[in-house]
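Trainee: Letter by letter, the chains look like this.
There are 2 protein chains.
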Amino acid sequence: MSIQFKFSRLGTDNAPGQEGRQKSAGLEKLLRGEPLKGTPVDFSHGDVDAHEPTPGSYEVFSEGVRSGGKQAYTEYRGNLEIREIVARRLAVFTGAPVEARNGLIITPGTQGALFLAVAATVARGDKVAIVQPDYFANRKLVEFFEGEMMPVQLNYAEASSGTAGLDLGELEAAFCNGAKVFVFSNPNNPTGVVYSNEEIRRIAELATHYGATVVVDQLYSRLRYEGASYTHLRAQDIDANNIVTIMGPSKTESLSGYRLGVAFGSSSIIDRMEKLQAIVSLRAAGYSQAVLRTWFAEPEGWMDNRIRQHQAIRDDLLALFRGIDGVFARTPEAGSYLFPRLPALSVTHADFVKILRLQADVIVTPGTEFSPHSGDGIRLNFSQDHEAALAAVQRIATLVERYRA
Amino acid sequence: MSIQFKFSRLGTDNAPGQEGRQKSAGLEKLLRGEPLKGTPVDFSHGDVDAHEPTPGSYEVFSEGVRSGGKQAYTEYRGNLEIREIVARRLAVFTGAPVEARNGLIITPGTQGALFLAVAATVARGDKVAIVQPDYFANRKLVEFFEGEMMPVQLNYAEASSGTAGLDLGELEAAFCNGAKVFVFSNPNNPTGVVYSNEEIRRIAELATHYGATVVVDQLYSRLRYEGASYTHLRAQDIDANNIVTIMGPSKTESLSGYRLGVAFGSSSIIDRMEKLQAIVSLRAAGYSQAVLRTWFAEPEGWMDNRIRQHQAIRDDLLALFRGIDGVFARTPEAGSYLFPRLPALSVTHADFVKILRLQADVIVTPGTEFSPHSGDGIRLNFSQDHEAALAAVQRIATLVERYRA
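Order-wise, the sequence lines are chains C and E. Each residue of the first sequence is one higher than the last, beginning at 756 in this note's numbering. Each residue of the second sequence is one higher than the last, beginning at 756 in this note's numbering.
Hint data in this document are derived by calculation from the structure and do not stem from the laboratory. Don't take every hint at face value.
Note: identical chains are not told apart, hence a pair may lie in one copy or across any two.
Stated by the list, open to error - SDA-like, lysine to any residue: derived pairs with alpha carbons at most 20 Å apart:
hint	residue 1	residue 2
1	Lys761	Asp881
2	Lys825	Ser799
3	Lys825	Gln773
4	Lys792	Leu765
5	Lys761	Arg879
6	Lys761	Glu901
7	Lys761	Lys784
8	Lys792	Asp1140
9	Lys825	Tyr813
10	Lys825	Arg776
11	Lys761	Lys882
12	Lys882	Ser1101
13	Lys935	Gln759
14	Lys1109	Pro795
15	Lys825	Asp1140
16	Lys825	Glu774
17	Lys761	Asp1140
18	Lys825	Arg1048
Chain C with its partners taken away, still in its complex shape:
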């Protein structure tokens, strides 16, 4: 495989945050009517100005800088004292032990953790079960390491509330046909659905039965809305050597600018991840690691308030989307993503996403980033200024009418 071919599959043109690099030549002739005025909203990621970083995070960073060399240079897997603090809190949060010395690694963002986890479990030709839709990097990582993808559908639209809708028969068939690894996010990105206790228990059962490794990305598992119940896979009856859980303080806590993530669980997988981190980036930025001291130790009521604010935005945006004829939108139970399906349009949905940017100053991520079957979906990170987000979705509604098939 030539290097050009290998990278041709790693497109980032439509990836969140890269819109500034898109070429829009030829699109002008598709534009209808006047541009819609309003505060620009970039739904490709959360707005850390509207929802500010955890109180005290900057101060803890500053102390890290002041403490000098011992914070700048850490083990590749991160500073041991900080790992110990984080391990204790994650054990409480997830309901199963976390071993600080050998069972946890600090990485540059959860993206860093996901990259290392897939690299440490998927060899060339290995079969890997991947959910559709799911976080766009899962697919790309499997492709990059030349694994063979075995898609498992998430029938989130048909599933009842409280159930994600994973096709468990398809998952078993994937294991039965040789899938060695299963990678999924819970809450699911992009739909915001949470796996039910029954689904998680069945995943544990199947992984154990088939001896498969599970990488579960729980990035948004702290931001859960009223009525949502959450089951941690690692606390189920599952071989602890075969599971790695990924989290990070980047999203809910608005700490993305520090690039921090953690992976914890199987010490043999964490060992491999550290070996690779040594040549990928050495370590998460030393001073940034200090910010983890604030994680799971936010001021009383801070997280409740953050959840309440997000739930209010969620509900208002959902009402707007549901007011558009032909739109389907399931209520996200956690996280900050909305994944509505748009009706048929007279332009392709890919072009419509670009038109939204050009005519309405609204950036969303096309559904095809998450599944080949989600061409009519758009993903919005609704961790935004409340009013600006509402106005932006009203502009989307206006443009849907302009371009309706």
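Since chain C is already given, all that's left is putting chain E on it; use the hints.
Mentor: For chain E alone, kept in the frame of chain C given last:
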């Protein structure tokens, strides 16, 4: 290839910074005499407490945090305005144009840049010319991507001052036998030697003739001692599409804790690097990127002073090493590494390195990390407190006598 086998070659047990994880069981019976007292010195990396970060770096970081979302979320290749600033300065420093929009990427450390550069140029089975000795990750990266290594010797001990001693005949043979990529550091890590103008010109000539891609790691190219002359490969007659240069403000500037690096040159290679960065770590920590504003804009005289301090330490340590019977040490012309060869000992050199840690509180990196032919070498990063470093090398000298064969 199983995942276990793939990772078995990525050992980090002797890698710099990982000494705290080493098992020293069984070593006690080798110990002779009493422990030597003194300030512990970790020569595996520079001491950023002894040589502090660039003035203003922390303030610029703080401004980055205050500026919020636009600094937290950047293009994967980094904030455009910062890329423009850095591109202008690097063009002046290296003597050849740098294209900010398409020809430069900001990465998590120079390690991040090196990883992406090798990943973006080496496909499975590709032949890659690698210098021996050279930075330990070069070899590991080629192995990780399943390239075929073609070693080229650096006869630094025999070369005259001002010449690195690259075996240019061996390099040509490697290209002639199909090496598509050549990766090397200049100044060389671990020896601190600088390639002569003739060597660099010949590398350019050979790479052009054979259509090979060159990845040159110039991390230490700012820290040059009196009398050293430096030639930038990218300013020579070489196809700009086939060269990527790597630098970063981590070492000389003591900014490692922010994890920043840059790669610049070929836009097609930089494009691939960004695609991969999107799934490896998304981007260099957003707030950290702001620190690049201080790079190549240090206060008047600051760099001269830093060089003077390091040159003084270098000269004192060299004198001590040369006072040990049987030690060979070439004078480093740049950077902060010393790579002396020790005489024959009654224990293996690998054990001696561990004994240094246990009996003298001195950490050095074994030569085998850099070349299979450097078993008698040890690498010291002499960016340390001057007095502590001198005392530590005196302890090394004492232990060499205790264990002399």
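Trainee: Hint by hint, where does the structure go against what was stated? Just the numbers, ascending.
Mentor: 4, 7, 12, 17
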